[in-house]
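A.B. asks: Sequence:
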Amino acid sequence: MNGVIFAILAGVFLGLQGIVNSHTGAIVGTWHAVMMNQLGGFVLAGVIWMATGGGGWRQFREVKKLYRLGGAFAAIIVFSNITAMHHIGATLTIAVLLISQLCMTFVIDARGWFDTIKQRIGRAQWLGITLMITGVFLLRFY
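The sequence shown stops at residue 272 when you use this note's numbering, and every number in between is there.
Any given hint might turn out to be false.
The list that follows gives simulated cross-link-like pairs (lysine to any residue, SDA-like), each with its CA atoms no further than 20 Å apart [stated by the list, open to error]:
| id | residue 1 | residue 2 |
| --- | --- | --- |
| 1 | K195 | T246 |
| 2 | K194 | D239 |
| 3 | K248 | C233 |
| 4 | K248 | F236 |
Just so you know, the hints here were simulated from the structure itself, not pulled from any lab data.
With the hints as extra help, turn the sequences into a complete structure.
C.D. replies: Below you can see the structure in the form of structure tokens.
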């Protein structure tokens, strides 16, 4: 149940973050908004890390170099999210974002990339994605 609660929280805050960043980007520029977002996330994560006992820095050396790119990915995510919201609005941006995220994770799961266990992607999963894409077309054109 905790996983579902955290997934719901992530979805809620992703929607809120997109709107706030979009408005911030309109005022100060997109890359400035990305930097503010990243700095705010870094500070909050640091405060929570210290408040929960933190731990040592030694564990960071154990993380594979490829996985250290997560923050760089986040900068691209925030920039793309802000830009998309300016062009197609919040609802359509989040809908397309979710579909592209699911498609990418399908590929990752099917191929076992990033040390994940290979998963078979069946007809039900493809049907689900197809229904979501159909929903995006309905959102956009009707």
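A.B. asks: Hint by hint, work out which the structure violates, then give me just those numbers in ascending order.
C.D. replies: none
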